[in-house]
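Going down the list, the protein sequences come from chains A and B.
Numbering follows my numbering, with no gaps: position 176 of the first sequence is 176.
Numbering follows my numbering, with no gaps: position 92 of the second sequence is 92.
Check the hints yourself; a few may be wrong.
Claimed, not checked - Derived DMTMM-like pairs: lysine to aspartate or glutamate, alpha-carbon spacing no greater than 25 Å straight-line:
(1) B:411 to B:453
(2) B:128 to A:108
(3) A:135 to A:173
(4) B:456 to A:289
As the list claims (entries may be wrong) - Here chain B is said to cover these stretches of chain A; the calculated rule only asks that three of the stretch's residues, wherever they fall, bring their Cβ under 8 Å from a Cβ of chain B:
(5) 19-32
(6) 36-42
Hint data in this document are derived by calculation from the structure and do not stem from the laboratory.
Using N, Cα and C, we set each Cβ at its ideal position, and we do this for glycine too.
The lines below spell out each chain.
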Amino acid sequence: MTIKPGSISELQELLPQSQRVDEVSLEAVAELIEHVPEDMTATVQAGMSLSEFQSRLAKAGQWLPVDPPHPQAVTIGELLACNLNGPRRFGCGTIRDWVIGMAVVLPDGRLIRNGGKVVKNVAGFDLCRLFVGAKNELGIIVEAAFKLLPLPEAQAHLAKTCKSLGQAEELLEKIWASDLQATVLDMHRIDGDPLTLVVGFAGPSADVEAQSGAANALGFADDASLDYDAGFRQATLNFTSVAPGNLISTLQKLGDEAFVARAGNGVIYHSSAKPVATPSPVLQKRVKEIFDPKGVLPG
Amino acid sequence: MNSKADKKNLTRLLTEIVGGDAVLADDRELVVYECDAYTLQKNLPTVVVLPGSAQEVTAVVRLCAELDLPIIPRGAGTSLSGAVLAVDGGVMIALTRMNRVLAIDPRNRRALVEAGCVNAWITRDAEKHGLFYAPDPSSQTACTIGGNIATNSGGPHTLKNGVTTNHILGYEMVLPDGSTEWLGVEPDGGEEVGGYDLRGAGIGSEGMFGVVTRVLVRLMKSPPAFKTFLGVFDSVDQASQAVSDIIAAGIVPAALEMMDQLITQALEEAYHFGFPLDAGAVLIVELDGLPKGVEQQARRVEEVCRQNNASEVRLARDDAERAALWKCRKRAFGAIGRLSPNYVTQDGVVPRSKLPEIMRFIRSVSDRYELRIPNVFHAGDGNIHPLILYDEREPGQVKRALQAGSDILGKCIELGGSVTGEHGIGAEKIDFMSKQFAKDDLDAMQQLRRVFDPEKRCNPHKMFPGAKRCAEFTQKKQIPA
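Just chain B, with the same shape it has in the complex (with noise of 0.2 Å):
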């Protein structure tokens, strides 16, 4: 795809299948696409596609596949890994379009999206009969349900009620080769599926193996009642060991937070929401279920942050107070702005009780890299966010950056962890695939993806080692995740 008339070709030919306002192919209106929310690399897609239906997504798809020519599946372009990046140019689906919720179906507790639909809206439309979508991710306003699946996406109340794959009952799939395939529990069926879990295996892809069309999503029932503190702490070695005493204490939050000093000063600047600007550390602890229960959990927790000399545990005091404690944590890293011009976010994970240890850790490499490194994160899961702040305008602060980000990676694994969460590897952290894993299991993976793109043309150059890179490898502005 390197001469002008190929592209002039290939825009006709998608044109005949999506009409003409659904395709993208001057430079200036595909810069939008050149990268997702990870920004030190871009490159431009070929050209990029809007279909408005799974059968124009076949035939977009039918249509790479006699041309030879990479797809690259795209939601709402949240990724911080870079899953979306077209490394090497290519015809980019975007799912946009595709964004309706097709079916509530509260006696069965599911619900049938669009791969398009915004995260937040499957609540929005299943709150009326008393139930919930449970994965939120902090972008849950504007990611899709398309790419949660992709990247088996997370959030804050993930700790009790699990991640994507657990409320993911079933998908269609459009594979590479332009056949369809509907994966795990269909919309009206049961949910024993025979065979092998082709579903689960789809969860987490980083849209390898495909393009998501239309997804089954579990609902769970709004529980009754919710408790939502701040516990505030002078340090964050002691916030850390709060939250490996109330696991050990036999407790399962709905989502436990752990915000620094940084975070919370930077928070409060923009959103003025009351954090003490003096705590070194704060928890947010939020319990859900039935009321007597949570009153029992709750003297515990605030038992158990007390012993760890909290110097203040503050209840939000109703529902409003509630939401926007909430709103407040999940633009966190909205108000780095304030802070840095530029940063990166890593998303390692250690076991619950390696987090006093990898904490001071992230001060460590702070001190040795000076790096202001502030951290707000899944505490419960043992899910670090660490944004190291730099400026791109300083001469070595990139590579000191990148350098800090990498050890800490390094120290994760060394605890029996991992580098990504909920994130992804995407083009970011490839290199740590064989860190993390031997050989043998990055060619099993491999042997996966073969089931479902012999021809490795579906979103390629991602996750495994020896993937080409962008020419342009570049650090320019970072967009607000």
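Isolated chain A (complex conformation) (with noise of 0.2 Å):
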């Protein structure tokens, strides 16, 4: 079932009376808690959307430095339960690398709290990393904490067709051995289109004038659009996961398969990916036994 809780203490008191819950919409859940600029800190209930988080955090010029596809109907739950990202993730990391502290409502309705706002704090384990990409199976995340970093001041993002695998791969392995610090560097070959390369740029503006300069001088034309990336992953969920330096013979064996993939971090989005694999199956099984002993959550 579905269950639509009006506010925190009434899905403390929903999940334990429950037999199984395979969905909490937490709209009624979605306040701004606090943002406090000069600390680069924000708490945020799970409800909200990323895009109206976002919104608000650029008042003060500030963002969450992650870009999955959809912001305006992700919630900051849904994105620390599925570890959402997007093409900026090969400069800015996950949202494992942003979130600080956490609320969660454990499945026998304790409202649990892990790390806090400040942006080092190694006080007790580490429950955050546990919930996020965890689905929220061992709990629901009702509250998160970030550190923030400032809006860039420029950015920029260029693309080039390649002829083929062995072309973008001498391009890739050329911006990979340079100075340029690019925040986005991705491949795609989606529905006929060729294949293609694209990097992106952000930061103070006298950066990201001279690096796009470096980006033309490899055949990379200007203003490139990102929105390949929500596009193509509306339709594909599934994903490869490999070392960078294998994204290429990975490719190779996809055929004419499309796909959009982080190249700098290889991860490979195309519809015929299994999905990946986890280890550690003892250890996982303890984990859901111990935080939903009674299986009231999915997984």
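Two chains, two frames, some hints: make the complex.
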């Protein structure tokens, strides 16, 4: 069943009474608790959409450096539970790198807090990272605190079509070995479009300009769009993950299949991808049994 | 493990696994392992083993499981919180012989190292590929990567690049039951790993989940440009405000460190760097990145310093001067011996905008308890390190020092911060856990512990309230950190 609590305390009451909860809608738990620009941190309830959160942060010239597709439809809770990310993952990391605190309602109704609202904190075990990507199978994330970054002064995205994977590889290796500090390093081949390499830069305008110039010299054209990511991943959620150095050899095995790849991370979104392996099955099972002994939540 | 016969038997069994030269059982040898750099509590482990391979670690851990003995994993023993104290005896597994850099993978920007590998050795070996390992605790020339995982270590340069958890891709751990798991990214694998993030859960677990044997770390490309300068201020207040203003200006320096007058004077006396002796506080600001952006941000930082009445903003002339500056900063605790026979370091964190307030509070604590409290700390992170100076020979000073530390950490919690930013809870700060966290929060942490160590046999009596204390709670001379 789907539950739609009106508050965190209502969720605390509902969860332990339920046999099985497939989904929790936190529409009613969607406040910005605190944004302190001079601390570069913010605390927000899990039901707020990512785009709403970003626009609130932008008023003070800051942002949470993640860019998953469809931020208007993604809540902070989903962002964390599914560890969502986008093209800027190469330069900005994933949400695991930015979360500093969390409040979670456990299946037995307890509200627990872990971490805090300061950027450095090693008091106690790190449950925050356990809950990121756990798909709300261990507890429902209701609030999170993040460290933030200033919005970049400038950014630019550039693209170059390539005749072959060989040519793309050659360019990729040049960028990899250079002093360029790319925030985006993507490759895609979507529905008959040519193979395309995408680089992005963000930061002080002088740096973005200089790096764009260097990319131009490698044949990249200005003003590329990153829209391909949201478009493609609406239909394709599966991905293959390899060490970045094995990207090209993996792509060669795909034949003509369409893909979007985080070339710098070795993550390839394509429809025939098999689910990534889950190691340590005994420990994984124990985590679930200890945090959700009655199996109230999925998984 | 009380009778001599039992210990003799244990020593024999361990010797069969690791050889006689890798087992220490004599009290005269064990005394080295009675504490880490937190010296207020001491106790001898029953025995210390120095395994040379993951297989030996596994065999030792299995033996301990059979005999129901506590295990205490240990790196270089530089912990400042008593994290590797053998509270109730037990088998201490010191990883210092497993210290190799196994492989540098420049294409994938990764390094595979053994758990006892010294932090600084990774960058030493990665440098020729233009790569470095980012987290740089001040003890980095001694501390091990396994210990860094245990405490989720920080350092001056974690402001921009993040702490240990942001740079550990995966690791191999021998669990207390003797099983071995690789957690996180495999050496040749992709960075997406299925299931719950056990890698992340284990980082910062203070050696209570198992014995780390091998580690896959992320390397970063060395930035092409640096600019490092000293901002000289009349008062800690002005310097604290400058820190807040730099962050508020949207600049994230690679490092942003503060030292007050007592520290700069002690450092100057010890290392003769050329610090101004009359300054109330000095900021070290390091910017890195691409040349033009660094230039642009440097101008802005200088402006902010001047607006906060910096009397001088001095740029490091070259790489040599920059290196000398950092060497000084990282040896700051070592210079304290010149100021006082004993000190206790705290590791509180406050929201960065509360820095001026916490620094004023520390000054009032110093006055109230009549103890000098110099400060050298990671200002950009809001991570303070007040060094409370005392003399154990003077009646009442130890008690006052501990009380002063307690007051400061209490204030950190009150200001919305934490009692530890990078040193960990260990044996030292157990009493603060129930002040910072509710009972349910602590219970959830214990649930996580059950996943790895249901018997609570791995590094026991740490972190959680109600833990056993050492019978011997003494105040001896500090070891320079």
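Right, here's what the structure says about each hint:
no., hint, in the structure
1, B:411 to B:453, "34 Å, violated"
2, B:128 to A:108, "53 Å, violated"
3, A:135 to A:173, "35 Å, violated"
4, B:456 to A:289, "18 Å, holds"
5, 19-32, "violated (count 0)"
6, 36-42, "holds (count 6)"
In terms of the numbered hints stated before, the structure departs from hints 1, 2, 3 and 5, listed from lowest to highest.
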